[in-house]
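A.B. asks: Here are the chains, one letter per residue:
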Amino acid sequence: MAVTTTPHDVIPASYAEAPPARPRLLVLATSLASAAMAMGFIGLHSVYIADRADRLATGERWLPDGVNIPLTQPNFMGLTLAFSVVTIWWAVSATRSDDRANSVLAFAISLLFAFAYLAQTAYLFTIMEIEILADERAVLLYGIIGTHLVMAVAAMVFAIVMALRTIGGDYNSRDYEGVLSAAIFWTMMVAMYGVMWYVIYITK
Amino acid sequence: MALTETRPADTGSDGADLAALPSFTPDGFLGSVDHKPIGRMFVGGGIIFLLAGLVIGAIGAVESFDGSGFQIARDADEFAQIWSISRDLAVFGGLVPILIGIGLYIVPLQIGAPSLAFARGASGAFWTWLLGTGLLIVAYLLNGGPGGGRRDFVVLWACSLAMMIGAAVWALIVLASTILGARTVGMTMDRMPFTSWAYFMFSLHAIFSLPIVMGELLLALLRVRYGHLDITETASLTGVLDGVGLAPSIYWLGLPALGVAADVIGAHTGFPILQRRLTMVAITVFQLLAFGQDLVGMATERTIDFDNVLLVVGLLAAPLPVVAILGLGGNSLRQGTLRVKAALVAVLLSGLLLLAATVVSLLGLVEPVMGYLDELFPGSVDMTNSLVLNGTTFHEGIRGLVMAAALLAVIGALHHWAPKIWGRSLAEPMGLLSIALAAGGGLVWGLGEVGAGFADQPWYPASVDTTGGQEAFGVIAILGIALLAGSAALVGGNVVSVVAGRKPAGTSAADWSGLTLEWATASPPPLGNFPAPPIVSSATPLADGELAYDGLTSESDGGAGSEDTSEDDAGEES
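Going line by line, the protein sequences match chains A and B.
Note that our numbering has the first sequence beginning at 1, numbered continuously upward.
Note that our numbering has the second sequence beginning at 1, numbered continuously upward.
No lab work stands behind these hints: they were computed from the structure.
Misleading hints may appear alongside valid ones.
Said to hold, decoys possible - Non-contacting residues of chain A with respect to chain B, defined by C-beta distances greater than 12 Å in every case (computed): (1) LEU56; (2) GLY66; (3) ASN102; (4) LEU111; (5) GLY194.
What the hints assert, rightly or not - Computed Cβ-Cβ distance ranges for the label pairs, DEER-style: (6) A/VAL161 x B/LEU387: 16 to 26 Å; (7) B/ASP456 x A/ALA119: 51 to 61 Å; (8) A/ALA122 x B/VAL309: 39 to 49 Å; (9) A/VAL157 x B/TRP127: 13 to 23 Å.
Keep in mind that this is a model prediction, so the values were computed, not measured.
Every residue gets a Cβ at the ideal spot worked out from N, C-alpha and C, and that includes glycine.
Between the sequences and the hints, there should be enough to build the whole structure, so can you do that?
C.D. replies: Below is the structure:
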C-alpha cells in the first residue's frame, strides 16, 4: 500500500470543479431538534398522566377543589394554532413560488395567530384559579403549559428570523430551506399543543 | 469552515498550504468553525471532569461502605451530595463529553465531510456544557444539589445539569445532521465506517431519550422552587438520573465502544470485519434495546419489573449484539495479521467488559421472573429464597462495568486516532498501563458492587448495614473506582505529554493500516479536512485501493510521516 500520495490525484477534475452538493442540513437539524423537543414534552405528559392515575387510584379528584379548567379557551387556542399551521405552510408555498409579498403576509398572519395563542393562554391562567404555590399539581400544569409557551415563542422567533431573511432575499424558489425549517418546527409545536389539549384540557 | 457557509475560494495551492493549521486567535478559540478544535476541547475538558468525578466517587464509596457512621460527610444529606456530584461529573461532565468530542473530531473525517454541519452550533454546545458544568460545581459548593440545604442552589443544580444535558443533545444533533446530510459522494449510509454508524445511533439515542431527563429536571426545579419539595427532602432528587443510570438504558454509553471496536480491529488486523451489515444491525439493535427502558421509564417507576416487557426484552437480548460484534471481531483477529497495540487491546477489553455488564444484568431479572411465576402458579416459588438484587448496589456494579467499557473505548479511540487528533502517537507503555487500570478497575468495581448487592447493601447507601459483610465488598469497589480514576489520570497525562510536545513528532502510516477515509488526509487534517471532496465507492476505500495514504504527519509537526517510529517514540516517552 502506498504511503503517500497527492490528494488531488484521487479527485476527478470534473468533480473538483463542480459546486459542492448542498443538502438540506438546516431541515435535518430542525427535524432532529423538533423530535428532541417532542420527546421532552411527551415525557412531561407521561409524568402528568402517571401522577394523575396514582391520585385517581386513591379515590381523590385530580384537580384541587375550586379549580376549573374551561374548554372554550383551549378549543379556540387549538383552532388558532391549527389555522397558523395553514398560514406557515402558505409562507413556504409562497417562498417556493418567489412570491415574496404573500410569503411575508403569511408569516405575519402566522405570528398574529401565535400571539393570539399566547394571549389566550394568559387569559386562561387568570380564570383557572390554580396557584402554583398552593398545590403540587399546579407545578405539573404550569410546567407543561409553560414549556409549550416557550416552544411557541421559540417558533415565533424562528419564523421572524426567516421572514426577515426572506424579505432580505435570502430565500426564494431555489433555496427555501430556512422557511421550510421554520414551518417544520412550527408544525411540531402545534402538534404538541394537540397532545397537551387532549391530556390536560380534555381529560383534565 | 461550516457547511452552511460559502466554501473558501480554492487557493490553488499544493497540499502543504492546505495542511497548515490555522494559527491561534481568540475568536477562533471561542467560536471555532472547525470541528477539530471543538472536539479536542470536549475531550480535554471531559478528561478533567471525569477524573474529578471518579475521585469524588471513590470518596463517596469509602463513606458508603464505612459502617461506623458518617466519617467524611457530616450527615446523610451531605453524603447524598457527594454521591450525586460524582455521578453527575463522571457521566455528563466526563464520559459523555469525551465521547462527543471524539465523535465531533473523527466522524466528519470518516464520512468525508469538510466540517460539521453547524460548527458554530457545536462550539456553542461546548461552551454551554462548560458553563453548565461550572455552575453545577458552584451549586454543590454552595450547598445545593440533591441533599442540599439551600433552595436557590438546588434550583441552580437542576438548571446547570439541564444545561449540560441540553448541550450534549445539541452537539449530537449537529453530529447526526452532519452524518445525514454532509457525507461525501459515494458514502452511502451502509458504507459508513462502524464508528460513524455507532455515533449516529448514539446521537439518535441521546436526541430521543435525554430530553425526557431534562423534562424531569424541569419538574424537579419547579417543585423545589415553589416549595412543594421540602428542603430537607431534596436527597430524593438523586433519582432524577436513574433513567439513564439503570440497565439497559446505561448501555447507551457503550454504543460508541462497539463502533470503535469494529473499526480498530479491522485496522489493526488488516482484515476488515466481513459482515458489515450484520455489524451495523447489531449496533442498531443494541441501541434499540437500550432505548426500550427510556420508553418504559416515561410513564412508570424506573424499577426492573417483569411487567415491563420492553425492559425485560432489553435486558435479555442485550448480550446478543455484543456477542455478535465480538465474534465478528474475533474472526478478523484470527484471519488477519495481529499487531498488538494499545488501541486494539483497549477496544477488545472494552467489548468484553460491555459483555460482562450485559450478562451480569441478567441477574436482576431473577426476582421479577420468580415473582411472575409465583403469580402464574401460586406457591410454586419460594420467594423468600429468591435472589433479590434490585434496589441494591448491584445497579452500581453494572454502571461501573459500563463506565469502564466506555473509558476503555475512549482510550482505544484516542490511541488509534491520536495521529489524526494531535499529529503524534500517544505513548504505548503509558497507554497499556491506563488500559490495565481501567479494565482491572472496572472489573473490580463491578464485582465489588455486585457482591455487596448479593449481601443486600442498599443501592442508595445512606443507611449502611454492615451485618452482612458488605464492607469487604466495599473495599473491593473502592479499589476499583480508584483504579479507574488512576486510569483517567494516566490518559490525561498521556494526552498532555503529547499536546505539550514532549513526545517527538512522527508516526507510521503503514503501521496503522487505517482503512477508512480519515486516513486519506494529513494528520492533523487541514481546515476543510480534504483538499477536495473525496469520492468513494466502498466502505474501506484505502483497503480497496481507491485512495492512498497522504502521510500521517502534517508539515507543522516537522515533516512527513516517517516509517515505524511510533514504538520508538513510545520507548523514549517511557
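A.B. asks: A separate judgement is required for each hint: does it hold in the structure or not?
C.D. replies: Evaluation of the provided hints:
1. LEU56: 15 Å, holds
2. GLY66: 18 Å, holds
3. ASN102: 26 Å, holds
4. LEU111: 25 Å, holds
5. GLY194: Per Cβ check, A/GLY194 is outside 12 Å of chain B; nearest 18 Å; holds.
6. A/VAL161 x B/LEU387: 16 to 26 Å: Violated: the Cβ-Cβ distance is about 58 Å, outside 16 to 26 Å.
7. B/ASP456 x A/ALA119: 51 to 61 Å: Between B/ASP456 and A/ALA119, where Cβ atoms are some 58 Å apart, the hint holds.
8. A/ALA122 x B/VAL309: 39 to 49 Å: 43 Å, holds
9. A/VAL157 x B/TRP127: 13 to 23 Å: 20 Å, holds
Consistency with the previously given hints fails for number 6 only.
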